[in-house]
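Given chain A, work out where chain B should sit, using these hints.
2 protein chains.
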Amino acid sequence: MKESLGAKTLIYPAPVLVVGTYDRTGKPNVMTASWGGICCSQPPCVAVSLRQATYTYGNILERKAFTISIPSEQHVKEVDYFGLFSGRDVDKFAASKFTAVRSTLVDAPYVQEFALVVECKLAQVIALGLHTQFVGEVVDVRRSRQSLRRAVWWILRK
Amino acid sequence: MKESLGAKTLIYPAPVLVVGTYDRTGKPNVMTASWGGICCSQPPCVAVSLRQATYTYGNILERKAFTISIPSEQHVKEVDYFGLFSGRDVDKFAASKFTAVRSTLVDAPYVQEFALVVECKLAQVIALGLHTQFVGEVVDVRRSRQSLRRAVWWILRK
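Protein chains in written order, with the numbering used here: chain A, 16 to 173; chain B, 16 to 173.
No wet-lab data here; the hints were simulated from the structure.
Hints are not guaranteed to be accurate.
Incomplete in silico selection of chain B near chain A, CB under 7 Å [as the list claims (entries may be wrong)]:
#1 Thr24
#2 Pro28
#3 Asp38
#4 Trp50
#5 Cys60
#6 Leu143
#7 Arg158
#8 Ser159
Quick reminder that beta carbons are idealized off the backbone N, C-alpha and C, glycines included.
One chain only, chain A, in its complex shape:
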């Protein structure tokens, strides 16, 4: 017998996705989102759901591109901040002292300090309700050489 909890958004775990975009003036912005992930193998695509109220929403429509940086546990404080404030009001890169790097493939920045970065060009915009889903085609995935060194060290240690 199962107890009803009502029509709620209760699936776990969810990833921590840091979405990187440029606004129309060229200011880089990041926001933390957790409703998204890989959604297609060929072409490789990721989806991320955003409310229209977010600054990132307009940026993606304007630039037709975004990146998704995957943070580490050590960045939890900054990543929480990225999800609490709007790029409309603050410069999150300046505040966090993280480095915005311009992607060479898409019109969006990524976070230098994060180990894994997925670079996407906008493929589809799907209206769902309060959230809109942005589907991006993955153009490249990049990882820090540092993370590679750590992985090799981890394997050798075993």
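This is chain B only, laid out in the frame that chain A set:
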């Protein structure tokens, strides 16, 4: 400096979603998928990406409904099996000895033994490429009373 890994499907972590459906004869089926999750707050929606080759793909189109059961660590063996074999060839409920329960709200079964179940009616079918994304509106979420007892015990113990 970051090293290019190519256009790959490399976001982590991903959830473990056990998708429950009926086929046209009424046989309950489950498959394990990991490309999906919550995608909208109002109406509450989940998305799951499936290849056309899966048995579940046809079942969802036929029945316009599916459930997502969230397994626990103790079910890892059965959940792996659910992702390796097709319901076209085997009866996964019979083989795993799990219990298929008919949802009272949507035309789909769920796994009695799993602690959390999300019941969905099909809302959108989105062609992405090799994968198709099924968006389901969440009609109800159910949890085992056992999991509630465990949660209460956990809180009281603290």
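Which hint numbers does the structure go against, in order from smallest to largest? 3
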